[in-house]
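Number of protein chains: 2
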Amino acid sequence: MRILLIGATGQLGTAVHETLTARGHEVITVGRTGGDLRYDIAEPAQVAEMYVQAGAVDAVAGTAGDVPFKSVAEMAPTDYLSAFYGKVLSQIELVRQGVSRIAERGSFTLITGILGGDPIPRSSAAAMANGAVEAFVRAAAIEIAPQRINAVSPSVFTESLPKYGDFFPGIPAVDLAQVTQAYVRSIEGANTGRIFSVV
Amino acid sequence: MRILLIGATGQLGTAVHETLTARGHEVITVGRTGGDLRYDIAEPAQVAEMYVQAGAVDAVAGTAGDVPFKSVAEMAPTDYLSAFYGKVLSQIELVRQGVSRIAERGSFTLITGILGGDPIPRSSAAAMANGAVEAFVRAAAIEIAPQRINAVSPSVFTESLPKYGDFFPGIPAVDLAQVTQAYVRSIEGANTGRIFSVV
Chain D
20 MRILLIGATG QLGTAVHETL TARGHEVITV GRTGGDLRYD IAEPAQVAEM
70 YVQAGAVDAV AGTAGDVPFK SVAEMAPTDY LSAFYGKVLS QIELVRQGVS
120 RIAERGSFTL ITGILGGDPI PRSSAAAMAN GAVEAFVRAA AIEIAPQRIN
170 AVSPSVFTES LPKYGDFFPG IPAVDLAQVT QAYVRSIEGA NTGRIFSVV
Chain R
20 MRILLIGATG QLGTAVHETL TARGHEVITV GRTGGDLRYD IAEPAQVAEM
70 YVQAGAVDAV AGTAGDVPFK SVAEMAPTDY LSAFYGKVLS QIELVRQGVS
120 RIAERGSFTL ITGILGGDPI PRSSAAAMAN GAVEAFVRAA AIEIAPQRIN
170 AVSPSVFTES LPKYGDFFPG IPAVDLAQVT QAYVRSIEGA NTGRIFSVV
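So the protein lines, in turn, are chains D and R.
The C-terminal residue of the first sequence carries number 218 in this note's numbering, and the numbering is unbroken.
The C-terminal residue of the second sequence carries number 218 in this note's numbering, and the numbering is unbroken.
Treat the hints with care, since some could be wrong.
What the hints assert, rightly or not - Listing some non-contacts, in silico: residues in chain R with all C-beta distances to chain D over 12 angstroms:
{"hint": "1", "residue": "Gly54"}
{"hint": "2", "residue": "Glu68"}
{"hint": "3", "residue": "Arg157"}
{"hint": "4", "residue": "Ala160"}
{"hint": "5", "residue": "Leu180"}
Claimed, not checked - Going by beta-carbon spacing under 10 angstroms, a handful of chain R positions derived as facing chain D:
{"hint": "6", "residue": "Met94"}
{"hint": "7", "residue": "Glu112"}
{"hint": "8", "residue": "Leu134"}
{"hint": "9", "residue": "Ala145"}
{"hint": "10", "residue": "Ala151"}
Hint data in this document are derived by calculation from the structure and do not stem from the laboratory.
As the structure is a computational prediction, the values presented were derived from the model and not from experiment.
The beta carbon of each residue, even a glycine, is placed where N, CA and C say it ideally should be.
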């Protein structure tokens, strides 16, 4: 398949890129600072330009979302707005603008994360964003068939434990290799409206 | 208790108002067009003014949220943004600004709805908003104790079936009287971080 991969220079994006390429797919990478195409999908107008430049694709996969981590008391309204633009609207736009552009039986795979259901302190913006995207996925799935849409919701990556491990005490980590398989399942499988939890 | 009730002139707000008053609570009603206090909580600055005017309260209950209903293809980015301001950020602001103002063991009860988990066509913005609020509730709960926070997630109201019944084919409706009991449970009980589903 010809797959548009967003967030391609990040830790997860790089792993998904390798996995999909190894399975014989043609991957077009999109990033703000690196990749085949350079766009910031938090800007709806840039999503439109991205689709024009990308041409025909069979699948779209999101692997990135920017959200601030602060306590509820430390957050400002702009922090929640930033999380909304950075992880929710950005991924909704991939779908909203993509339905008329990708293959008739193409798919969207969005990224959420464990914090939507299992929060840690300072994660209210991340949780909010993940919950929003997961509910959007369920709602969009029943409208866009035969196109499909799923989300991948991973725990903290084993590879990220040196950096973030202290924030996830006792919470099982997952290898990036397990997370990339959830993308394979969403893209190559037949499911829709599913949240593939990798925990 | 002294309870601040937002969305007090709506169908649900009116029912919650009656139930809480009948149970001996002092209810201060807030609405955009009616109520003891007139504020639009979709504006963070108005939430601040509302709390100043309300004075000391033991509980805050939200019963309203504005979201557009359109197919994914018909939505504009501004529609999702409108749902975010109208149902997500508005209720987050009740909490974010309220934690330093309400009673030490006070509570917040927010409104979501069945569409977050069980969508119908044209409900992607509503679903997104409900999923966002529910995940926020779980995340905020572990930070704000001993203050508490829950959400009430009702199905379509029996009383609304003449107007909205056609959009909920075969989906069991619930009486407003059942929904108001979930508010009582959240406000007078001891739970926190719960989504009280009324379906």
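Here is how each hint holds up against the structure:
Once the 12 angstroms rule is applied to beta carbons, Gly54 of chain R is consistent with being away from chain D; the minimum gap is 23 angstroms. With a least beta-carbon separation of about 14 angstroms from chain D, Glu68 of chain R lies farther than 12 angstroms from that chain, consistent with its non-interface assignment. Not every C-beta of chain D lies more than 12 angstroms from that of Arg157 of chain R, the closest at about 5 angstroms, which undercuts listing it as non-interface. Once the 12 angstroms rule is applied to beta carbons, Ala160 of chain R is inconsistent with being away from chain D; the minimum gap is 8 angstroms.
For Leu180 of chain R, the requirement that its beta carbon stay farther than 12 angstroms from each beta carbon of chain D is met, with the minimum near 21 angstroms. Against a cut-off of 10 angstroms between C-beta atoms, the interface hint on Met94 of chain R holds, since the closest Cβ of chain D lies about 6 angstroms away. Proximity of Glu112 of chain R to chain D holds as hinted, the smallest CB-CB distance being about 6 angstroms (cut-off 10 angstroms). Taking 10 angstroms as the C-beta contact cut-off toward chain D, the hint placing Leu134 of chain R at the interface holds, the least distance being around 7 angstroms.
Hint on Ala145 of chain R holds. Least Cβ distance to chain D is approximately 8 angstroms, under the 10 angstroms limit. Interface hint at Ala151 of chain R: satisfied, since its Cβ lies 4 angstroms from the closest Cβ of chain D, which is below the 10 angstroms cut-off.
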